[in-house]
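**Q** Those protein sequences? They're chains Y and Z, same order as listed. Per UniProt numbering, residue 1 is the first one in the first sequence, and the count goes up by one each step. Per UniProt numbering, residue 1 is the first one in the second sequence, and the count goes up by one each step.
It is worth saying that the hints were derived from the structure and are not from the lab. One thing to keep in mind: the hints can contain errors.
Since copy identity is lost for identical chains, a pair holds within one copy or between any two.
[As the list claims (entries may be wrong)] When the alpha-carbon atoms are kept at most 20 Å apart in a straight line, the in silico SDA-like pairs for lysine to any residue are as follows:
id: 1; residue 1: 21; residue 2: 201
id: 2; residue 1: 292; residue 2: 329
id: 3; residue 1: 276; residue 2: 315
id: 4; residue 1: 247; residue 2: 73
id: 5; residue 1: 50; residue 2: 81
id: 6; residue 1: 50; residue 2: 311
id: 7; residue 1: 50; residue 2: 200
id: 8; residue 1: 50; residue 2: 314
id: 9; residue 1: 247; residue 2: 15
id: 10; residue 1: 292; residue 2: 325
id: 11; residue 1: 247; residue 2: 112
id: 12; residue 1: 302; residue 2: 288
id: 13; residue 1: 276; residue 2: 121
id: 14; residue 1: 302; residue 2: 173
id: 15; residue 1: 276; residue 2: 46
id: 16; residue 1: 276; residue 2: 313
2 protein chains.
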Amino acid sequence: MNLAQAIVGAPGARQRRAIAKAITLLESTRGDHRAQADELLTELLPHTGKAFRLGISGVPGVGKSTFIEALGLYLIAQGHRVAVLAIDPSSTVSGGSILGDKTRMEHLSVHAQAYIRPSPSSGTLGGVAAKTRESMLVCEAAGYDVVIVETVGVGQSETAVAGMTDMFVLMQLPNAGDDLQAIKKGVMELADLVVINKADLDPDAATRARAQITSALRILGQHGNPDHAHHDATLWHPQVLQLSALKVQGVEAFWQAVGEFRRLQEAGGRLQSRRKHQALAWMWERIDSGLKRAFRQAPAVKALLPQLTNEVEHGLLAASTAARRLLDAMHEGTRGGPSAN
Amino acid sequence: MNLAQAIVGAPGARQRRAIAKAITLLESTRGDHRAQADELLTELLPHTGKAFRLGISGVPGVGKSTFIEALGLYLIAQGHRVAVLAIDPSSTVSGGSILGDKTRMEHLSVHAQAYIRPSPSSGTLGGVAAKTRESMLVCEAAGYDVVIVETVGVGQSETAVAGMTDMFVLMQLPNAGDDLQAIKKGVMELADLVVINKADLDPDAATRARAQITSALRILGQHGNPDHAHHDATLWHPQVLQLSALKVQGVEAFWQAVGEFRRLQEAGGRLQSRRKHQALAWMWERIDSGLKRAFRQAPAVKALLPQLTNEVEHGLLAASTAARRLLDAMHEGTRGGPSAN
């Protein structure tokens, strides 16, 4: 039976196996698998795009799993089907993975209306992100109408998640300084919504954190992102919510805020333009990544790189001269003749 | 007479003309000029590296020119020779340039011991930065022992300047929120020293700003940059100074702080490792830029790109599939045969 048909077909064990098989195919590095995966994606694409894509980021310990479990079960009770994917760049080093331990979401992970997939555990961040985007499309084609992409606050993974979701949520603890870290990493700026978790443990600290983050969002919004411009009632202004994932307090208010965001984004045509922009950015990111890989694998480059690197490090060769020599060498090697420039 | 010899030769009108000629050559886009420029750089390189490279960044109106004029004249009085270069990405759009109006530094610009060069007014930020780096090497070979690279707070230009200098100074106004903007842009994190200018206009605001920035630097330094680690007496901790460039107050204290930073960096071997790291990063940045240019100029890519872009935008083709097709097309076009993958 055709894999694409099984994916877009009726929910159940067969669909679930087909999804798993498709994602394994997407994550394979074999050339023939890659060709099959491309074919599959092209078949599935007309069935994608109807889900709401929700990104959730936060440092380890902030309570992401607890929150996603509570949110996922709430959404399923409302009639949704929920897929949860993860991007964890550190798993490519450790071999481990967030979500790898499914007991972290013990009820959601066994639910028939949920699909949970851990982070790919090999590849660069760009590669991991690409596989997760593609897995997201598979889940959408299978009719999951809420796709949650989770990431820990490591490196550039938040940017990758914000770049593939309709709404990006930052989870924070009510600790002083956490907001500055998020601002520094450029993550606060990406947030459509900030959630302060564990607000029940220290209500005063949570209130202070909320005031600080609200003020920071206002100041950050004054420059830069035109989406945050004022005097336009159709525009969303980033909000700060307090909740307790453990006590399942605030989940409904959270989903209401998501709904309001979604309504404004769709009404303003910004949902579609955000997705277009994301798809093109993704294409260019993959192109850049492919160009770099081809460069590093070119025999002429492999032969020259160690020596030129050494000369640049020791100040014997200008870096820009070394770059030009390497580029010329690659083009000569590829063309089998002298370089045009 | 040989250009390189004139540059490393005695200071004076001839040297000044040779520098100008060399920089014009570096900024040329003609292929034969580029080859000559590479030759020249290789000749000059053994004479470079002895200057202290100081980066200064700040938003328009912060008083950079006034400060650099005051600092430059102070340094010349101490026996230094001072070169001032600029990176202004906006000049590539407007055709204008910071430093273009030399009357902004009316005394420094006419001084025999100073060399001032405006920002290259064409090219990408990467290209502009590369030319400025090369110009910096020319100035060093000519015996300028303090090279100041100035930039306005636009786009990624601060990162470029921090990536080519030994010390990166951020100029701020004593306004609430300015520090958050700098943190957001990742510039605060790059700063080895923060200067609050116009401190005399509102001493209370300046004191508040200093306390806020000091606190932010401390919090930001707790994570990330190992150079900011504590419990090591040879390590520099980013400082915050108040000054008034207009009244020439605080310039000497500024230069003392620079000297202390330089002493610690040299003693710890960090100056050399920073420069090595910068040179390699520059090489890779130029390689990436060259790869992208070659991709965009490839006939097969030019032929396919509009259609594939359109299909990706409209959700008819997965972005990663489009990327692979374009990369394959480029390689086939170059090799004159079918792609290996």
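**Q** Need the list of violated hint numbers for this structure, in ascending order.
**A** 1, 7, 9, 11, 13, 14
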